[in-house]
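Okay, here's what each chain looks like letter by letter:
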Amino acid sequence: MVDTTADEPRSTLAVSGHTETAPSGSSRLLDVLRATGIGLVVPSLFVLIWWLTVVAGVFPESVLPSPVTVVKSLWIWAFGNKEDHGLYAGTLSLAIMASGARVIVGYTIAAVLGIAIGVPTGASRVIGQLIDPFIQLMRPIPITAWVPLSLIFFGFDFKNAVFLVALGSFFPIVVNTIEGVRGVNRNLVKVGRMVGARKLKLLWFFILPASLPSIFVGLRLGIGLAWVLVIVAELLSVKNGIGYTLLDAYSFNRFDVVIAAMIMLGVMGFLSDRIILGIQKIFLRWHHEVSIHAE
Amino acid sequence: MLSNEIVVCENLYRSFYSKEFGTKDVLRNINFRMSSEDFVVIIGPSGCGKSTLLNIIAGFDSPTAGRVMVRGRVVEEPGPEKAMVFQDYALLPWLNARENVEIGLRIQKVPRADRKARALRVLDLVGLSASAELPVYKMSGGMQQRVSIARALALEPVVLLMDEPFGAVDAFQRAIMQRELTRIWKATNASIIFVTHSLDEAIFLGNRVLAMAPGGIGITGELSIDLPRPRDPMSMDFAALKRKLFGMLTAHLDEPANTFLE
Chain G
1 MVDTTADEPR STLAVSGHTE TAPSGSSRLL DVLRATGIGL VVPSLFVLIW
51 WLTVVAGVFP ESVLPSPVTV VKSLWIWAFG NKEDHGLYAG TLSLAIMASG
101 ARVIVGYTIA AVLGIAIGVP TGASRVIGQL IDPFIQLMRP IPITAWVPLS
151 LIFFGFDFKN AVFLVALGSF FPIVVNTIEG VRGVNRNLVK VGRMVGARKL
201 KLLWFFILPA SLPSIFVGLR LGIGLAWVLV IVAELLSVKN GIGYTLLDAY
251 SFNRFDVVIA AMIMLGVMGF LSDRIILGIQ KIFLRWHHEV SIHAE
Chain C
1001 MLSNEIVVCE NLYRSFYSKE FGTKDVLRNI NFRMSSEDFV VIIGPSGCGK
1051 STLLNIIAGF DSPTAGRVMV RGRVVEEPGP EKAMVFQDYA LLPWLNAREN
1101 VEIGLRIQKV PRADRKARAL RVLDLVGLSA SAELPVYKMS GGMQQRVSIA
1151 RALALEPVVL LMDEPFGAVD AFQRAIMQRE LTRIWKATNA SIIFVTHSLD
1201 EAIFLGNRVL AMAPGGIGIT GELSIDLPRP RDPMSMDFAA LKRKLFGMLT
1251 AHLDEPANTF LE
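In the order they appear, the protein sequences are chains G and C. Residue numbering for the first sequence follows the working numbering, starting at 1 and increasing by one per position. Residue numbering for the second sequence follows the working numbering, starting at 1001 and increasing by one per position.
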């Protein structure tokens, strides 16, 4: 009868690495520097082993280029020109824009639809019964299995890539939105009804903000999948972008460019995740702080 | 009907169905009337239906049979005239204290300046005027419960429903909050229905205490308390009332009440 479990989820949200006592300015800077230093140890070792492998001649240089070669190729890809450097020179910004545009458009569609469909599906029993089984049936189909149909419907261009990106990021966003809405503290909904909020006002002032933590979990999973799927689209059909460059360089045995493209994909994925995290920080300051204060 | 009868429960029944136990009556033939100057405490063990009764009065739940009337109107849905204070506070953690108190007025489209003034007035009443702009997630449990009480008072309810509101705060906070609630009750003339399972809390707060027993047995007795306030839980009179109330709560059991009290 008494909801003693209401406070429990809070404690499970406790974020490690946060302390209750605020460190002074200088010791905080030292902390950050030390954390960064520790964080660089493993990546440095990785590059060192890679470099040693190349120096020892385990693989021919044409298959596994040295880190220095890759950095040079990346530089040329970014800032070189065709006259001096031939192929893969100065086209990086175009590739980023091509892939980035597909990700941004596809992901935005997925986020808008995912939240717009997820909130009513989670909030209303009837809409849930209507929509939820369909989502659960479609979700197990790997997005890559949609490629043939997508090609027939959208052709070998932008729309095909956008469709695959949107479809791929839609599912984690919609599923987490539904879960978030269903998991809203029931007393919060009671408060909404008590103060006279009905339907849209109940959703807007109470249910939507309370489900944001879960929605952002979906948004972060979604952005990761968006980059996976833009590469799938570019490997299979579209004729430009970072993923296309990767495939193209592979067919010309330019493994330096292949690895440079891989690095750029990592950077782009990391940056887009940081952007989502930044937006999350603005919207979920309360949630973050709640988790710190949990005992 | 008398005009000062603000809550009337008539022949209330509520049964729940579960696979394990089949259909069970949680409430069976509950009748009570409450006038505007009452501070009613409903006390009983877990599972006796006291929270169900409160939820029905609030309009969150419907009775299987019978009806509840608040100020002469049959309760059909929740509304600001029956404001509830929850044990887990149920505050909106993304808002500060004042915005939490204002949320109902915002839904009712009260102009910004008006609602701010009203919010600050009730926050002052619960002793939080200095913390109006503080985010609620930075507050202690006791402070959060004050915000929750202020939010309910801002709705200017006919009756204030409190569901074990001090169950989640520590013993010291709890004693302070009980005193505070007595003061707020006197200052606002609010009518309160307060649910608890603590004998001390019931006798400290109520001027009418209803004892409830589980299994659909319902209200087993009523105690009128006219001790002067603030009441002293260490006094002989208090102890005598406690013994009497415990007797009411255990009257339906086979063992006589005094076997529990040594």
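A hint or two may mislead.
To be verified - When the alpha-carbon atoms are kept at most 25 Å apart in a straight line, the in silico DSS-like pairs for lysine-lysine are as follows:
1. Lys281(G) <-> Lys1109(C)
2. Lys1116(C) <-> Lys1138(C)
3. Lys1242(C) <-> Lys190(G)
4. Lys1138(C) <-> Lys199(G)
5. Lys1116(C) <-> Lys190(G)
6. Lys1024(C) <-> Lys201(G)
7. Lys190(G) <-> Lys1109(C)
8. Lys1186(C) <-> Lys201(G)
Everything labelled a hint here was simulated from the structure, so no lab data went into it.
Hints, one by one, checked against the model:
no. : hint                      : verdict
1   : Lys281(G) <-> Lys1109(C)  : violated, 30 Å
2   : Lys1116(C) <-> Lys1138(C) : holds, 21 Å
3   : Lys1242(C) <-> Lys190(G)  : violated, 34 Å
4   : Lys1138(C) <-> Lys199(G)  : violated, 30 Å
5   : Lys1116(C) <-> Lys190(G)  : holds, 23 Å
6   : Lys1024(C) <-> Lys201(G)  : violated, 36 Å
7   : Lys190(G) <-> Lys1109(C)  : holds, 19 Å
8   : Lys1186(C) <-> Lys201(G)  : violated, 34 Å
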